[in-house]
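Number of protein chains: 2
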Amino acid sequence: MPYTDTDRLGINTIRTLAVDATFAANSGHPGAPMGLAPAAHVLFNKFMTFNPKNPDWVNRDRFVLSNGHGCMLQYALLHLFGYAVTIDDLKHFRQVDSITPGHPEAHDTPGIEVTTGPLGQGFSNAVGLAVAQAHTAATFNKSGFELINNYTYTIFGDGCAMEGIASEAASTAGHLQLGNLIAIYDDNHISIDGDTKCAFTEDVLKRFEAYGWHTQWVKDGDHDLEGIEAAIAAAKKVTDKPSVIKLTTTIGFGSNLQGTGGVHGNPLKADDIKQVKAKFGFDPEKTFVVPQEVYDQYHAHAAEGAAAEQEWNKLFEKYGQEHKELHADLLRRLKKDLPEGWQNHLPVYKPTDAAIASRKLSESVLEAIYEVIPELMSGSADLTGSNNTRWKKAIDFQPPSLGIGNWAGRYMRYGVREHAMAAIMNGMSAYGTIIPAGGTFLNFVSYAAGAVRLSSLSHQRVIYVATHDSIGLGEDGPTHQPIETLAHFRALPNMMVWRPADGNETSAAYYMALTSKGTPSILALTRQNLPQLEGSSLAKAIKGGYVVLEDKEADVTLVSTGSEVSLCLEAVKTLKDQGLKARVVSLPCVEVFDAQDKEYKLSVIPDGVPTLSVEVMSTLGWEKYSHEQFGLNRFGASGPYKEVYAKFEFTPEGIAKRAKLTVDYYKDVKPLRSPVNRAFQQLI
Amino acid sequence: MPYTDTDRLGINTIRTLAVDATFAANSGHPGAPMGLAPAAHVLFNKFMTFNPKNPDWVNRDRFVLSNGHGCMLQYALLHLFGYAVTIDDLKHFRQVDSITPGHPEAHDTPGIEVTTGPLGQGFSNAVGLAVAQAHTAATFNKSGFELINNYTYTIFGDGCAMEGIASEAASTAGHLQLGNLIAIYDDNHISIDGDTKCAFTEDVLKRFEAYGWHTQWVKDGDHDLEGIEAAIAAAKKVTDKPSVIKLTTTIGFGSNLQGTGGVHGNPLKADDIKQVKAKFGFDPEKTFVVPQEVYDQYHAHAAEGAAAEQEWNKLFEKYGQEHKELHADLLRRLKKDLPEGWQNHLPVYKPTDAAIASRKLSESVLEAIYEVIPELMSGSADLTGSNNTRWKKAIDFQPPSLGIGNWAGRYMRYGVREHAMAAIMNGMSAYGTIIPAGGTFLNFVSYAAGAVRLSSLSHQRVIYVATHDSIGLGEDGPTHQPIETLAHFRALPNMMVWRPADGNETSAAYYMALTSKGTPSILALTRQNLPQLEGSSLAKAIKGGYVVLEDKEADVTLVSTGSEVSLCLEAVKTLKDQGLKARVVSLPCVEVFDAQDKEYKLSVIPDGVPTLSVEVMSTLGWEKYSHEQFGLNRFGASGPYKEVYAKFEFTPEGIAKRAKLTVDYYKDVKPLRSPVNRAFQQLI
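For the record, the sequence lines run as chains D and Z.
Just so we're aligned, residue 1 is where the first sequence starts under the UniProt record's numbering, counting upward by one.
Just so we're aligned, residue 1 is where the second sequence starts under the UniProt record's numbering, counting upward by one.
By construction, these hints were calculated from the structure, which means they are not laboratory data.
Some hints here could point you the wrong way.
Pairs count within a copy or across copies, as identical chains cannot be separated in the list.
[Unchecked claim] In silico EDC-like pairs for lysine to aspartate or glutamate, Cα to Cα no more than 20 Å straight-line:
id, residue 1, residue 2
1, 392, 195
2, 667, 203
3, 573, 649
4, 667, 607
5, 246, 209
6, 46, 7
7, 642, 97
8, 246, 226
9, 573, 664
10, 335, 56
11, 624, 597
12, 624, 594
13, 624, 591
14, 246, 271
15, 552, 664
16, 393, 195
17, 647, 97
Predicted, not measured: the structure shown is a model, and the values here were computed from it.
Please build the complete structure, drawing on both the sequences and the hints.
Rendered as structure tokens:
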């Protein structure tokens with residue numbers, strides 16, 4: 001059907017809504033919505049299937065605005081189609097407690113799939129959504145039941161194109177031959193510093209070709225609706241490659257400042273707004289106007305989406321008759337519930353069991369649960385053999401044509417791309433049918449910090465398998481030995497940082513990571529072997545902290561995590577020889593411990609006993625749980641790990657020495673003392 | 001000259017040294033050195049000019065092994081050429097306190113230019129070294145005095161090629177037309193997960209072409225020494241583009257496991273070592289053997305380098321006669337000294353001066369000092385207008401052909417590439433003639449975490465201008481509001497994190513950042529205006545912490561940073577109305593405060609007074625300086641900043657309320673109390 005004046009009116013309605021909302025907020029980005037309105041209008045109305053009344057329908061087409069600062073584009077679309085985003089919500093754009101924040105947040109606004117704005121993230125999330133679609137389709141589709149066949153669409157700008165994370169994700173998508181992914185590159189030549197020619201003169205399409213993408217160029221994205229439609233249609237026909245459409249647009253189209261940096265990140269001036277509205281046939285004196293025929297057109301498309309969902313529901317019901325177990329499994333996954341009794345498969349250890357590295361203990365957990373939790377997809381950023389993230393019978397998630405896996409495979413080869421791995425996992429989790437776990441060294445989770453933060457902010461159940469968690473990795477040396485990393489992620493809201501001390505604690509970490517539906521986890525795991533503790537159990541460890549060794553007459557409490565807990569237990573014997581009694585607390589996850597009631601916490605770290613924390617990295621934050629801290633506030637060293645530990649006095653003797661200093665220092669404390677006073681100097 | 005048996009012996013000596021060292025260490029990566037020995041031999045002997053007796057000669061050619069795990073290649077070369085790396089040092093590869101750690105560390109080993117190993121970093125450092133060379137040449141070279149004309153060479157592998165940071169840096173280098181940069185891509189098809197075909201199937205050369213690089217392919221990197229030489233020679237002739245040479249090699253060449261993942265990250269087995277040595281004509285029973293003719297050849301080339309430096313020294317002396325000031329300036333820069341009296345240019349503020357955002361105060365500092373500190377190069381990751389990093393008369397560092405700057409320009413347009421910006425700055429700093437400062441939002445310094453860490457580890461004087469430092473950025477919302485970021489970087493060793501409260505503190509931050517020769521700095525700066533404090537001065541602030549408002553009868557000390565210091569001063573008035581006396585401490589840099597003597601620190605945070613910290617982000621770590629903490633252990637909100645502050649009770653009233661709770665709580669404290677006990681709950 002040819003495009004009509006109603007289509008153009010819809011496009012201009014999006015533009016004027018963006019103009020009005022940013023003006024009302026006195027901040028925001030009108031330029032991208034004004035430039036992208038034509039493409040968004042065509043994409044949403046001609047290609048995308050979705051039901052605004054049920055934004056969670058699993059087979060909806062996904063849309064990700066990677067240049068999230070242009071979110072008024074998306075909010076306007078959500079409103080026009082009838083999502084639960086009212087015109088008042090648009091009027092409260094960028095206001096406290098509104099559902100229309102300055103950048104799109106998945107957790108807050110119906111119809112927003114993922115949280116974007118930090119550049120490059122959305123594009124990479126889209127790759128994850130496409131991975132999830134391909135996997136879910138391969139897992140659940142059966143002859144006569146093409147249950148899962150949605151596409152993922154994303155729009156990204158020059159900023160996203162410059163970010164390394166997007167390069168990593170694009171290379172991954174090309175390798176994976178994700179034909180279900182269609183990206184529109186908003187080629188508007190403007191970023192915050194002005195013309196992109198000052199920093200960004202590469203040939204973007206050629207680069208995507210090099211990654212293995214199908215590429216097209218629509219040269220007049222401002223007017224050529226037929227060209228946009230034809231390009232998306234052509235992209236949909238390419239099933240063995242992701243597609244990118246370079247769309248040349250004029251940022252701030254319609255403004256007196258169109259095509260300049262002036263419309264990127266600032267509202268239009270009042271007189272400019274008037275001329276924009278006049279130009280587009282709107283009353284210059286009115287704001288937030290939506291012509292009825294625009295509502296009608298958008299609602300009609302929404303109704304088609306609702307009908308499509310109804311059809312799908314019928315298909316799914318029939319599917320339930322023929323594929324009862326799969327039907328139940330998909331329903332269960334969508335509720336984020338785990339299969340009943342899954343936890344009975346978690347490994348349990350006795351003190352007499354062998355000492356094992358917690359990265360190996362983690363592998364044993366995966367081996368034990370992968371069959372009962374089919375939504376678990378593991379993977380690694382090219383450290384499979386080191387992260388121990390792969391169960392023996394795992395099949396790789398790969399395009400079948402490569403001959404090394406298939407779409408139903410549950411093991412991801414992310415390549416050496418930590419940041420994209422994290423963002424792809426966020427997208428996989430956001431799809432709703434998968435729990436992703438991905439491995440790298442703990443030190444290199446920092447490479448992914450931008451995306452890890454968004455796991456937390458957007459409440460994704462993502463598991464970071466972070467091995468080689470300290471100077472205990474030994475010979476690789478300071479470049480690979482985390483010092484600041486646990487403090488970093490413990491300071492991140494809605495993140496569980498686990499550092500298990502043995503097998504039962506590792507099982508506990510997985511138990512909490514898998515059952516916390518809206519919280520990601522980092523599991524910090526050792527390279528070196530750890531003994532199985534006498535006092536550990538899953539039930540205790542899932543409280544985040546517990547007493548490993550009690551002594552009601554203790555002179556000192558040693559609070560520790562991971563590989564240092566067993567060292568503390570050794571130190572107790574050394575202290576005993578010196579006539580001192582010590583109790584030992586394991587605190588594998590401070591965030592979970594914080595959530596326990598005060599009485600419990602006081603039973604673990606009681607009044608009246610001086611407390612020393614022992615963790616072989618930055619002491620930052622340990623003052624919260626201890627009077628004195630033994631840690632490592634400097635970079636590590638390259639060498640066999642026992643020698644490195646000894647160099648920094650992380651030995652029973654080194655711990656005992658500091659414990660004694662702590663006991664002595666607090667012996668006669670009655671007055672309030674400045675926190676500046678310390679019992680001993682940190683090694684520097 | 002044709003290659004001889006001596007050349008092949010030298011190549012095989014590198015290989016056997018790598019085999020012996022990794023075997024002795026029982027860890028490490030023999031594969032890359034064995035595969036890359038031919039290329040390294042040709043590159044170092046035929047092209048590179050350097051003097052092992054003076055690794056700091058400014059015009060030396062730079063070499064960066066980006067795949068730093070292959071560092072035995074580099075240690076072997078350093079030894080053979082006669083750097084201060086002995087055969088014993090090679091025997092102590094990967095041992096505690098050796099100068100041959102598991103990955104190359106610039107600070108520890110003579111001849112190592114930058115610290116590599118974390119993948120992608122070295123490649124990006126090389127771009128920075130090339131930027132620095134181009135800029136230094138444009139600044140100092142004069143007719144008849146081509147003082148600075150060195151090349152930067154880097155070798156990188158598949159791992160580096162996959163990392164986003166390297167993509168960002170490669171795009172930047174292409175844009176900048178860095179003809180002085182030559183990269184060799186070790187195309188060996190192997191990464192830790194095995195064959196790269198499982199994750200990395202893109203066309204790397206085509207991608208580099210898209211970035212604007214000159215590309216070549218040497219198909220037999222194992223044997224074709226002439227081909228390697230011809231390719232490097234051709235690359236040197238291309239002066240308006242960086243060059244990449246794809247070099248197809250066999251990882252672990254010579255081993256029974258050559259070409260497989262088995263030789264990547266594990267020493268060879270004893271019998272394999274024997275057959276390797278026999279194959280290469282070495283005695284299978286001997287270890288760490290260097291034939292004399294190999295020493296002779298390498299030392300001869302080293303002598304040529306020493307002679308070249310002598311010639312250069314003569315030229316430089318003559319230069320000093322004709323260009324006295326430039327000569328003195330270059331000498332001064334190389335000592336890392338600043339021009340005498342520079343600090344007198346730092347802005348000083350009175351309490352009556354206007355309230356100004358610290359990002360603007362930072363701009364005023366740059367405006368005031370750029371002329372007196374010519375080695376300062378500023379820049380931004382596409383946030384120039386927001387970071388306020390550009391002085392008005394700045395000229396961009398750009399290839400002249402673009403018509404928007406020149407090589408002598410001192411303002412970098414990094415594009416939206418935070419991670420590469422940081423690594424490029426590390427390279428620029430490592431060159432020795434530049435102090436780089438680069439801007440982004442504080443929240444997005446996290447994108448650069450991998451490289452920021454290496455600024456610290458490798459002692460680079462790099463300045464991160466991190467604006468929009470809190471929820472105070474307002475409308476952009478939680479995706480852009482740092483919560484965990486300061487805790488993260490405060491936990492990083494050898495990093496100064498500054499959060500100035502006003503103009504004098506901003507000047508102090510720059511004073512310390514510029515005069516700390518071996519420590520990088522993050523300057524956390526506000527978007528919103530801050531009043532000039534009554535009690536601030538540069539002299540006080542450079543102690544890292546000081547008393548802004550004293551009261552010898554204080555009931556409570558408020559310890560704060562940045563934008564919250566003036567809020568605390570307001571809270572003092574509120575407390576006064578409630579009959580409570582308060583003193584206020586500003587702690588703009590905890591690392592510098594930590595370095596003061598104990599007496600001073602106790603004068604700032606004294607015994608006997610309960611202390612409340614006030615900072616509008618994660619409280620993690622504040623227990624070190626306060627009894628109670630008021631912070632934000634959740635994500636922020638999108639809205640006008642004053643409303644966001646009010647939402648989280650960061651108001652004089654909100655602070656006073658918590659101060660009073662703190663006073664009450666500690667009133668009768670005599671016994672030692674568990675740190676679990678808190679005066680009030682954090683907002684969640």
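Here is what the structure says about each hint:
no., hint, verdict
1, 392 x 195, "between (52 Å within a copy, 18 Å between copies)"
2, 667 x 203, "neither (70 Å within a copy, 68 Å between copies)"
3, 573 x 649, "within (17 Å within a copy, 49 Å between copies)"
4, 667 x 607, "both (14 Å within a copy, 17 Å between copies)"
5, 246 x 209, "both (12 Å within a copy, 18 Å between copies)"
6, 46 x 7, "within (11 Å within a copy, 66 Å between copies)"
7, 642 x 97, "between (52 Å within a copy, 14 Å between copies)"
8, 246 x 226, "within (15 Å within a copy, 42 Å between copies)"
9, 573 x 664, "within (18 Å within a copy, 41 Å between copies)"
10, 335 x 56, "within (11 Å within a copy, 62 Å between copies)"
11, 624 x 597, "within (16 Å within a copy, 24 Å between copies)"
12, 624 x 594, "both (10 Å within a copy, 18 Å between copies)"
13, 624 x 591, "both (12 Å within a copy, 19 Å between copies)"
14, 246 x 271, "neither (32 Å within a copy, 56 Å between copies)"
15, 552 x 664, "within (19 Å within a copy, 31 Å between copies)"
16, 393 x 195, "between (52 Å within a copy, 19 Å between copies)"
17, 647 x 97, "between (52 Å within a copy, 9 Å between copies)"
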